[in-house]
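Residue numbers (the working numbering), protein chains in the order written: chain A, 1 to 95; chain B, 1 to 341; chain C, 1 to 378.
These aren't lab readings, by the way, just hints derived from the structure by calculation. Careful: at least some of the hints might be erroneous.
As a list, the in silico SDA-like pairs of lysine to any residue whose alpha-carbon atoms are at most 20 angstroms apart [what the hints assert, rightly or not]: (1) C:Lys118 x B:Glu335; (2) B:Lys241 x C:Glu120; (3) C:Lys11 x B:Ile255; (4) C:Lys257 x A:Asp20; (5) C:Lys257 x A:Val39; (6) B:Lys8 x C:Lys257; (7) C:Lys11 x B:Glu264; (8) C:Lys11 x A:Ser27; (9) C:Lys118 x B:Lys241; (10) C:Lys257 x A:Glu57; (11) C:Lys11 x A:Pro56; (12) C:Lys11 x A:Leu63; (13) B:Lys12 x C:Glu120; (14) B:Lys8 x C:Lys11; (15) B:Lys8 x C:Val346; (16) C:Lys11 x A:Pro6; (17) C:Lys257 x A:Leu15; (18) C:Lys11 x B:Pro251; (19) B:Lys8 x C:Lys118; (20) C:Lys118 x B:Gly10; (21) B:Lys241 x C:Tyr368; (22) B:Lys141 x C:Gly116.
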Amino acid sequence: MCLGVPGKVIAIDGLDATVDFFGVRKSLRLDIVDEPVQVGDYVLNHVGFAIRRIPPEEVQETLALFDQILEVSGAKEDLMAADVRGEMAAGKDQK
Amino acid sequence: MDTKVQQKIGLKHGSGGRAMRQLIEDVFLSLASPVDGIGLSALDDGAAIRVGDRWLVITTDSHVVHPIFFPGGDIGRISVSGTVNDLAMMGATEPVGLTCAVILEEGFPRADLERVVASMRETAKEAGAPIVTGDTKVMGKGQVDGIVLNTTGVALADRVVSDAGLRAGDVLVVTGSIGDHGMAVMARRHDLRLEGDLRSDVAPINGLVRAALAAGGEDVVAMKDPTRGGVAGVLHEMAAKGGVGIVVDEPSLPINDEVRAAGEMIGIDPLLVANEGKAVIGVRARSADKVLAALRAHPLGARATVFARAIAERPGAVILDTGFGKRMLAEPEGELLPRIC
Amino acid sequence: MSNEDLFRQLKFRDPARARALAEALRHNMDAIGREVSVMHVCGSHEQAIARFGLRAVLPPGLELIMGPGCPVCVTDGPEVDEAVALAMQGVRVCTYGDMLRLPGTARSLADAQADGGKVEVVYSISQAVELAQAHPEEQVVFLASGFETTAVATAAVALASPPPNFSILSVHKYVPAAMEIVAASKETHIEGYVAAGHAAIITGWAIFEPFAARTGAPVVVAGFEPLDILAALVKLTELIRERRPEVANVYPRCVTKEGNLPAQRSLWRAFRTVTGRWRGIADVPGGNLELVPELAALDARNRFRIDTAGVRDAAAEEEAKGCICGRIMLGLATPEHCALFGTTCVPESPVGACMVSSEGQCRIWHTYGGVPDLRKVG
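Whole structure, please, built from the sequences with the hints as guidance.
What follows is the structure in structure tokens.
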């Protein structure tokens with residue numbers, strides 16, 4: 001369960017934050033967020049409560065982790081080929 | 001289980017999904033009688049009756065929307081657009097006249113009524129559809145919710161387009177971004193307090209459809225407006241009636257950022273959400289480019305795109321290619337509700 | 001600005017990267033060289049897997065089973081009956097949209113609404129509190145469903161002195177218990193688990209370490225974008241291949257080792273775990289979250305005498321005992337083994353969780369006559 005959506009904090013008033021979710025804004029409660037939140041931070045929303053401050057550098061780190069997983073799986077040498085095949089398939093899909 | 005409960009009408013019976021179709025088939029189809037043309041039993045957007053060498057197209061629609069004023073429109077604009085568009089979906093893009101029947105609740109503000117009527121007048125002008133007769137009733141407080149508007153439209157057409165004409169190999173075009181109306185209304189309902197540029201797309205699109213028909217002629221084989229039940233509902237009807245499978249290329253669907261974001265937040269797929277100014281048009285593949293060019297040349301069709309195709313396999317099924325993999329797209333069921341999981 | 005944000009999110013939906021991960025998954029499965037069953041225990045994972053069509057790209061030897069991970073679907077009929085009874089006795093019942101059509105033994109809250117019961121769908125428990133403030137003459141009950149992720153929001157409200165006419169009917173469930181009942185089955189052939197990322201935001205990933213060590217099955221904590229799920233499966237098959245019963249976290253942008261400590265403190269100040277019946281599955285030790293005795297005054301079960309006699313169907317309840325949802329979820333049975341499937345258990349009046357969920361195995365079989373293989377279509 002648990003639909004969670006990341007958004008960017010654009011204003012804070014006590015325990016209420018206004019958060020932008022890719023063009024839609026909503027007020028969230030900050031009662032139970034894990035770390036102090038400031039304007040400009042990313043947070044994860046669940047049922048109108050921020051449940052996690054997402055450090056921006058962690059987004060990049062997650063992507064790096066995925067690449068590392070690919071490497072360890074031994075599919076690294078295949079990765080480029082898969083990417084190229086992927087592009088070709090994507091091109092074909094558009095037809 | 002409790003059959004008495006099941007015999008009561010629920011909100012799901014009016015939300016454009018399977019339950020509504022079932023109710024219509026079980027109860028209202030008993031009213032159907034044979035006509036020369038497309039009658040009630042076809043369950044199309046309207047009826048088409050042969051008169052001489054032309055077709056008399058008739059459609060009717062009652063409108064309740066909460067709230068009655070919403071970003072991008074109001075119940076008056078919907079009541080005219082909905083009926084004009086239903087006529088257009090049968091190929092009748094030049095309405096001869098509309099009727100307007102209104103049921104008001106005791107205590108309804110006169111200023112609101114005048115605002116609704118002004119909006120109807122403006123929309124009718126935009127569509128080139130004169131309102132020619134009407135009826136007014138008032139009911140006691142609590143006996144009806146504010147205002148109910150019914151409009152009926154009649155038009156003449158030389159050729160009728162049904163929603164059952166798809167064949168394997170045909171392509172499907174959507175005339176613009178999807179999910180705008182339903183998401184804008186839903187953001188105001190359930191007290192979701194979503195702020196942002198969510199605007200209804202409500203508009204009469206008979207002019208747009210006229211352009212498509214002029215460009216595609218006989219190769220425009222099926223049309224339907226994705227109102228309640230959304231694009232998903234329309235595709236299921238077209239697949240079932242045409243006896244084809246439909247494969248949707250999901251990434252190609254035009255969806256506004258705000259609609260996508262709101263959908264992610266409340267867990268509702270824009271494919272299931274109502275539109276009030278769009279059409280899904282089935283075209284023989286050889287004429288797809290011509291029809292697309294004609295649509296895009298019209299101000300309401302700038303984002304028209306091919307998004308699906310009919311196949312011979314799996315008749316009746318709608319398959320979504322997500323760009324990652326494929327899945328069956330389920331038929332919409334019941335009222336859309338915000339989810340938490 | 002918002003486009004930049006969108007771009008960030010889209011990177012977790014990059015089809016080319018997804019294909020590379022699918023390739024890596026095939027590679028791992030080839031190296032294992034036999035069939036492997038893994039389970040996820042999260043309704044949102046199933047929603048994401050279904051929505052993006054990910055099953056169609058999994059290698060044939062990998063079976064990804066949907067476990068008892070949708071807290072709405074596993075909410076039992078008699079629990080819904082309590083909310084229906086309250087709505088019918090004039091109390092205003094607020095709840096999340098997911099709960100409205102969930103059937104009790106005889107009726108759902110949507111049925112109660114059609115019969116004149118006061119039922120409101122809200123997006124957040126905060127709105128229910130505001131409704132209570134706006135209607136001081138009424139009693140407002142919040143039917144609180146969801147895993148610990150959602151329970152922390154309930155806890156925050158419960159601990160912040162809500163208005164006197166507000167109370168809580170908790171049907172909250174606790175994720176770690178779901179994995180325990182699966183592992184406790186002697187017959188289970190599940191070799192690894194994908195753990196629910198948003199529940200783990202609260203509890204932290206370390207909570208799964210004793211489980212992995214004890215059961216010998218690795219656990220990977222995953223997010224909900226297509227890349228998150230595929231990366232988790234690559235990691236999980238890697239751990240299975242190398243026989244390493246460890247916990248891995250492939251959702252580090254949201255999940256930490258120790259979790260959200262302030263939220264955990266709120267959670268355990270407001271709730272305690274108790275044994276609860278999960279629909280069609282079993283009595284689950286520690287599976288339900290109940291308000292602590294200190295908050296008894298806020299508990300709708302204390303405030304009201306909830307008489308479900310008028311809204312309960314004892315025969316249906318008795319019949320529900322024949323439901324084999326638990327075995328289906330464990331991959332030990334298929335819907336055709338169930339006597340209720342397609343007869344008394346249908347989407348319109350589901351008995352078990354597997355028919356309630358739109359992605360449940362029974363629902364899919366009922367709708368499509370089996371699991372559709374779409375790999376060659378179109």
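Please name the hints from earlier in the document that this structure breaks, with their numbers sorted from lowest to highest. 2, 4, 5, 6, 8, 9, 14, 17
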